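Listed here are the chains, written in short residue letters.
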Amino acid sequence: DTEVTQTPKHLVMGMTNKKSLKCEQHMGHRAMYWYKQKAKKPPELMFVYSYEKLSINESVPSRFSPECPNSSLLNLHLHALQPEDSALYLCASSQDPSTDTQYFGPGTRLTVL
Amino acid sequence: GQSLEQPSEVTAVEGAIVQINCTYQTSGFYGLSWYQQHDGGAPTFLSYNALDGLEETGRFSSFLSRSDSYGYLLLQELQMKDSASYFCAVVSGNTGKLIFGQGTTLQVKP
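If you read the protein sequences in the order shown, they are chains C and Y.
Per the numbering used here, the first sequence starts with residue 253, numbered consecutively.
Per the numbering used here, the second sequence starts with residue 11, numbered consecutively.
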């Protein structure tokens, strides 16, 4: 099973809402990632979790709050977002942080009104 | 800084061969990866080169020259379904940080 799942597929939220994006993998991978992708642009790394610990935060605003409850799950909590945060949010995992292959989930299409 | 350069667009006809080049400037280079992304979809891993030379996987091949900081993705016997964006990416160090090029949009015409 080389699948990373993400929920929800689509999300529309107002600037005062609080919502969470969820990601799950059952490949036994020990590194998980959040990326943000705008249209016609490459994915941009937001966070890296390595062995359930946050190892990289790419200077992401605090309105994005990641959480890794266990080795299979990764959440991204959203609060007080701005319209410019509308994007495709991708979760990925790899066997460990030094492994070349990252497997991406289908993404959550987020629209902030 | 770290950067990857690849052409923004490539057009080819069905059945043809196309090569997408990628030059990179990074520190802590471990290897060069290629990802395919269809419109509305997620990036899908295609190949990885850590050593110089050619890696072949079916219709797709990938090449790396570390001394030239250069690699390419070769797509043979093009099919309409190959129309997609193709990203080269490097893993920077052992942190898992994947740095992507800007992507090449491949359009395959009948």
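Hints are computed from structural coordinates only; laboratory data are not their basis.
Treat the hints with caution; some may be incorrect.
[Stated by the list, open to error] Derived BS3-like pairs (lysine-lysine); straight-line CA-CA distance at most 27 Å:
id, chain 1, residue 1, chain 2, residue 2
1, C, K305, C, K271
2, Y, K119, C, K292
3, Y, K91, C, K270
4, Y, K91, C, K271
5, Y, K119, C, K271
6, C, K274, C, K293
7, C, K288, C, K261
8, C, K271, C, K290
9, Y, K119, C, K261
10, C, K305, C, K274
11, C, K274, C, K261
12, C, K271, C, K288
13, Y, K107, C, K293
14, Y, K91, C, K261
15, C, K271, C, K293
16, C, K292, Y, K107
17, C, K288, Y, K119
18, C, K290, C, K261
19, C, K288, C, K270
20, C, K270, C, K305
21, Y, K91, C, K293
22, C, K261, C, K292
23, Y, K107, C, K274
24, C, K271, C, K261
25, C, K305, C, K292
26, Y, K91, Y, K119
27, Y, K91, C, K288
28, C, K274, C, K292
29, C, K274, C, K288
30, C, K261, C, K293
31, C, K261, C, K305
32, C, K305, C, K288
33, C, K274, C, K290
34, C, K271, C, K292
35, C, K305, Y, K91
36, C, K305, Y, K119
What you are looking at is a predicted structure, and each value in this text was computed from that prediction instead of being measured.
Here is how each hint holds up against the structure:
no.	hint	in the structure
1	C:K305 - C:K271	holds (22 Å)
2	Y:K119 - C:K292	holds (20 Å)
3	Y:K91 - C:K270	violated (38 Å)
4	Y:K91 - C:K271	violated (35 Å)
5	Y:K119 - C:K271	violated (42 Å)
6	C:K274 - C:K293	holds (23 Å)
7	C:K288 - C:K261	holds (14 Å)
8	C:K271 - C:K290	holds (20 Å)
9	Y:K119 - C:K261	violated (31 Å)
10	C:K305 - C:K274	holds (17 Å)
11	C:K274 - C:K261	holds (10 Å)
12	C:K271 - C:K288	holds (16 Å)
13	Y:K107 - C:K293	holds (17 Å)
14	Y:K91 - C:K261	holds (23 Å)
15	C:K271 - C:K293	holds (25 Å)
16	C:K292 - Y:K107	holds (21 Å)
17	C:K288 - Y:K119	violated (30 Å)
18	C:K290 - C:K261	holds (16 Å)
19	C:K288 - C:K270	holds (18 Å)
20	C:K270 - C:K305	holds (23 Å)
21	Y:K91 - C:K293	holds (21 Å)
22	C:K261 - C:K292	holds (19 Å)
23	Y:K107 - C:K274	holds (21 Å)
24	C:K271 - C:K261	holds (13 Å)
25	C:K305 - C:K292	violated (31 Å)
26	Y:K91 - Y:K119	holds (10 Å)
27	Y:K91 - C:K288	holds (25 Å)
28	C:K274 - C:K292	holds (24 Å)
29	C:K274 - C:K288	holds (14 Å)
30	C:K261 - C:K293	holds (19 Å)
31	C:K261 - C:K305	holds (26 Å)
32	C:K305 - C:K288	holds (20 Å)
33	C:K274 - C:K290	holds (19 Å)
34	C:K271 - C:K292	holds (25 Å)
35	C:K305 - Y:K91	violated (39 Å)
36	C:K305 - Y:K119	violated (46 Å)
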